[in-house]
Amino acid sequence: MKTLLSMAATVLFGMYASTAVAGDPEKGAKIFKKCKACHAVGDGAKNKVGPQLNNIVGNAAGAVEGYKYSKALAAQADAGLIWDETALSEFLKRPKAYMPGTKMSFSGLKKESDRENVIAYLATFSDTETLAAAPAEEREVTLSDATLSIEGDVAYGEYLASDCQTCHQVSGASDGGVPAIVGWPRVEFVYAMHAYKQKVRPNPVMQMMAGGLGDEEIAALAAYFEGLE
Amino acid sequence: MKLTRRAFIGTTAAASLSAPLVNAGGHGRPKVVVIGGGAGGATAARYIAKDSKGEIDVTLVEPSRQYYTCFFSNLYLGGFRSMDSIGHSYGTLAAEYGINVVHDWAVGIDRGAKTVTLAGGSTLNYDRLILSPGIDFIDGSVPGWDVSSQNAMPHAYKAGSQTELLKRQIESMPQGGVYAMVAPPNPYRCPPGPYERVSMVAHLLKEINPTAKILIADPKPKFSKQGLFEEGWQKHYGGMIERIGPDFGGDNVSVDAGAMTVTIDGSVEKVDVCNVIPAMKAGRICEIAGITEGNWAPVSAHTMQSRIDENIHVLGDASAQGDMPKSGFSANSQAKVAAMAVRGALTGSKVFPAKFSNTCWSLVDTDDGIKVGATYKATDEKIAKVDGFVSKTGEDAALRKATYEESIGWYAGITSDMFG
Ligand SMILES: Cc1cc2nc3c(=O)[nH]c(=O)nc-3n(C[C@H](O)[C@H](O)[C@H](O)COP(=O)(O)OP(=O)(O)OC[C@H]3O[C@@H](n4cnc5c(N)ncnc54)[C@H](O)[C@@H]3O)c2cc1C
Numbered sequence: 062m063k064t065l066l067s068m069a070a071t072v073l074f075g076m077y078a079s080t081a082v083a084g085d086p087e088k089g090a091k092i093f094k095k096c097k098a099c100h101a102v103g104d105g106a107k108n109k110v111g112p113q114l115n116n117i118v119g120n121a122a123g124a125v126e127g128y129k130y131s132k133a134l135a136a137q138a139d140a141g142l143i144w145d146e147t148a149l150s151e152f153l154k155r156p157k158a159y160m161p162g163t164k165m166s167f168s169g170l171k172k173e174s175d176r177e178n179v180i181a182y183l184a185t186f187s188d189t190e191t192l193a194a195a196p197a198e199e200r201e202v203t204l205s206d207a208t209l210s211i212e213g214d215v216a217y218g219e220y221l222a223s224d225c226q227t228c229h230q231v232s233g234a235s236d237g238g239v240p241a242i243v244g245w246p247r248v249e250f251v252y253a254m255h256a257y258k259q260k261v262r263p264n265p266v267m268q269m270m271a272g273g274l275g276d277e278e279i280a281a282l283a284a285y286f287e288g289l290e
Numbered sequence: 176m177k178l179t180r181r182a183f184i185g186t187t188a189a190a191s192l193s194a195p196l197v198n199a200g201g202h203g204r205p206k207v208v209v210i211g212g213g214a215g216g217a218t219a220a221r222y223i224a225k226d227s228k229g230e231i232d233v234t235l236v237e238p239s240r241q242y243y244t245c246f247f248s249n250l251y252l253g254g255f256r257s258m259d260s261i262g263h264s265y266g267t268l269a270a271e272y273g274i275n276v277v278h279d280w281a282v283g284i285d286r287g288a289k290t291v292t293l294a295g296g297s298t299l300n301y302d303r304l305i306l307s308p309g310i311d312f313i314d315g316s317v318p319g320w321d322v323s324s325q326n327a328m329p330h331a332y333k334a335g336s337q338t339e340l341l342k343r344q345i346e347s348m349p350q351g352g353v354y355a356m357v358a359p360p361n362p363y364r365c366p367p368g369p370y371e372r373v374s375m376v377a378h379l380l381k382e383i384n385p386t387a388k389i390l391i392a393d394p395k396p397k398f399s400k401q402g403l404f405e406e407g408w409q410k411h412y413g414g415m416i417e418r419i420g421p422d423f424g425g426d427n428v429s430v431d432a433g434a435m436t437v438t439i440d441g442s443v444e445k446v447d448v449c450n451v452i453p454a455m456k457a458g459r460i461c462e463i464a465g466i467t468e469g470n471w472a473p474v475s476a477h478t479m480q481s482r483i484d485e486n487i488h489v490l491g492d493a494s495a496q497g498d499m500p501k502s503g504f505s506a507n508s509q510a511k512v513a514a515m516a517v518r519g520a521l522t523g524s525k526v527f528p529a530k531f532s533n534t535c536w537s538l539v540d541t542d543d544g545i546k547v548g549a550t551y552k553a554t555d556e557k558i559a560k561v562d563g564f565v566s567k568t569g570e571d572a573a574l575r576k577a578t579y580e581e582s583i584g585w586y587a588g589i590t591s592d593m594f595g
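Quick note, the sequences are listed as chains A and B, same order. Residue numbering for the first sequence follows the working numbering, beginning at 62 and increasing consecutively. Residue numbering for the second sequence follows the working numbering, beginning at 176 and increasing consecutively.
Worth double-checking, as some hints may not be accurate.
[Claimed, not checked] Simulated DEER-style distance windows between Cβ atoms:
#	chain 1	residue 1	chain 2	residue 2	range
1	A	Q259	B	T554	44 to 50 Å
2	B	G203	A	R155	40 to 46 Å
3	A	Q259	B	M258	50 to 56 Å
4	A	K107	B	P385	26 to 32 Å
5	A	E173	B	M258	58 to 64 Å
6	A	K132	B	P421	55 to 61 Å
7	B	P385	A	A158	52 to 58 Å
8	A	A158	B	E271	48 to 54 Å
9	A	D145	B	S524	52 to 58 Å
10	A	D145	B	K576	44 to 50 Å
11	B	K410	A	K88	31 to 37 Å
12	A	K172	B	K410	24 to 30 Å
13	A	K95	B	I463	51 to 57 Å
Hints listed in this document are in silico derivations from the structure and should not be mistaken for laboratory results. Beta carbons are placed, not taken as given, at the ideal position from N, Cα and C, and that holds for glycine.
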């Protein structure tokens, strides 16, 4: 089964490599690991912090169903932006320079080859007919159903959130290396905070902040921030 | 230009002499006066106004129309930020949060009558008073220096014209000249501040005056992030910086602003720039209010209430609270705890247990950022440290760059948390 799948993938990769895009999708798959905290791709992929990325290459920007885009992206989508290779590559080089106001908190892929490769990888998911299955969702940490199902008290979250707002802007704007955290799906927020708490994600400030929070508090924050735009 | 509402304050103040502690039956809103529109005061005013949704009448007293943050003022010296980019006005606090912003000095506090007198002559009534006046300098702590010498020997420890003056002086140093810093004794605002400043001055001098020297006279045996700074100085500015600690007389220093000399343990050095950062105490208005013990104003960790008067909360640098460093981040964090306590007392809103945090980023050279941080909790005795971290020596360039970028994000975050 495995061999079959990877054969199919090879055929697909080969096809794109020779026709549409220049990069190496297998290398791109590795680079895509950097994107995975926020983006899913493949059959059945769902929106996370960022939109799912099926059919992104060569298609209209701002078109993923159910995803709430930044004003900046929505405006460019209205103006007719198409995510062809050139546009994607420019965006991925320095997202905030290409699109001031984007919600995407990623500093960018400096190397042109990295961008080509990741675009080639995404291109393999840009034909719905032959869409490869989404890889099984690998979370950074394992959380119990009990933890995941805590409702989260929004009022408590609002108070706790004041601690976050020394760095994270409540307007959803983001500058420098501090990402926007408003409007995230609750479950993504919960996983991210637990990943810091368990020191699986590296940032020491966030490890410290999350380290001081219990499950209820993380759920409260997730509930509060999800409701902000 | 934003509007202040002096006239409005004048009338309402007179009408509410008998304001009840809890707002009963629409009998005039409870009043909070905040003195000082910096990291602590602006945050507290904004949170009380925002979260009480108009139930509390908030007045912010601050003499300056433009607040220049001390944080990132060292980056201005290094050429990484413009002065404009670290200046903030009170327009949004007045217009969007309905805060009465009064540009004046508070000169008197009558704790019995619960009134504040302003230099302009008017009087403000309060149900709760919040003091976040920052620091003042202790006269005579560096013999030969007092505030009348601050043009010849700037402190640049309150940002704005002092910072600009210091930069101009550094830029006018003769080639191979000497920049001296007299570093302050503990406790003082921003423990890594003087050493980040040395880094930024070295960065500037390396570009415009590479044979210049930096001399630090320091009364402290150790300082914040010392290993990290010293590693960075060695790496980026090898040979330029010399620090004289107390073991070599760094605690026995006097200056002569006329002769431009610094005398360290009896030996006289002629210098070209002398940045004197004297010992510090709580902003003078705390003394005037009679709520200081020694140099600072002691507070309860649970609410930031003065230990001497429970109708007054003291935030930021001026407070003696326990383990938190005197930083903008700390003041901002304390302000939120105080805002919640004040709302709880005046409107009966829910009060959650106090929580505090702090992180101080410093820039050593281009893209070489370091940081130190901790979380804290309230105990009956003090604000007590829970957990902390510090950057490590030998970190790779990518991590240091990410740390610097994080500080840029923090700056945008905290200033929008203060000023809206
Ligand atoms: C060079 C330098 C670098 C720093 N870097 C950092 C950093 O990177 N990160 C960080 O977190 N902190 C940093 N700090 C520390 C930070 O600036 C202070 O800790 C913070 O500003 C303290 O806030 P505050 O509210 O106590 O006082 P301030 O922010 O100083 O505000 C006090 C305000 O009160 C006003 N005031 C005083 N007296 C009166 C009166 N009688 N009536 C009315 N108004 C009055 C003043 O005009 C002032 O605006 C730095 C400080 C310096 C000097």
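Now for the hints, and whether the structure bears them out:
1. For the hinted restraint 44 to 50 Å between Q259(A) and T554(B), the CB-CB distance of approximately 27 Å leaves it violated.
2. At about 54 Å, the beta-carbon gap between G203(B) and R155(A) misses the expected band of 40 to 46 Å.
3. In this structure the supplied range 50 to 56 Å is violated for Q259(A) paired with M258(B), their Cβ-Cβ distance being about 43 Å.
4. The hint said 26 to 32 Å for the Cβ distance between K107(A) and P385(B), and at roughly 57 Å that hint is violated.
5. Roughly 38 Å separates the CB atoms of E173(A) and M258(B), a value that falls outside the hinted 58 to 64 Å.
6. A C-beta distance of roughly 56 Å is found between K132(A) and P421(B), which places it inside the suggested range of 55 to 61 Å.
7. Evaluation of the 52 to 58 Å hint for P385(B) and A158(A) yields a failure: the beta carbon distance comes to about 32 Å.
8. A C-beta distance of roughly 30 Å is found between A158(A) and E271(B), which places it outside the suggested range of 48 to 54 Å.
9. Between D145(A) and S524(B) the beta carbon distance is about 53 Å. The supplied range of 52 to 58 Å therefore holds.
10. In this structure the hint that D145(A) and K576(B) lie 44 to 50 Å apart at CB is violated, the actual value being about 31 Å.
11. A hinted range of 31 to 37 Å for the beta carbons of K410(B) and K88(A) is consistent with their spacing of about 34 Å.
12. Between K172(A) and K410(B) the Cβ separation comes to about 26 Å, which falls inside the hinted range of 24 to 30 Å.
13. One distance hint, 51 to 57 Å for the beta-carbon pair K95(A) and I463(B), holds here, with the actual separation near 56 Å.
This entry does not satisfy hints 1, 2, 3, 4, 5, 7, 8 and 10, going by the numbered hints stated previously.
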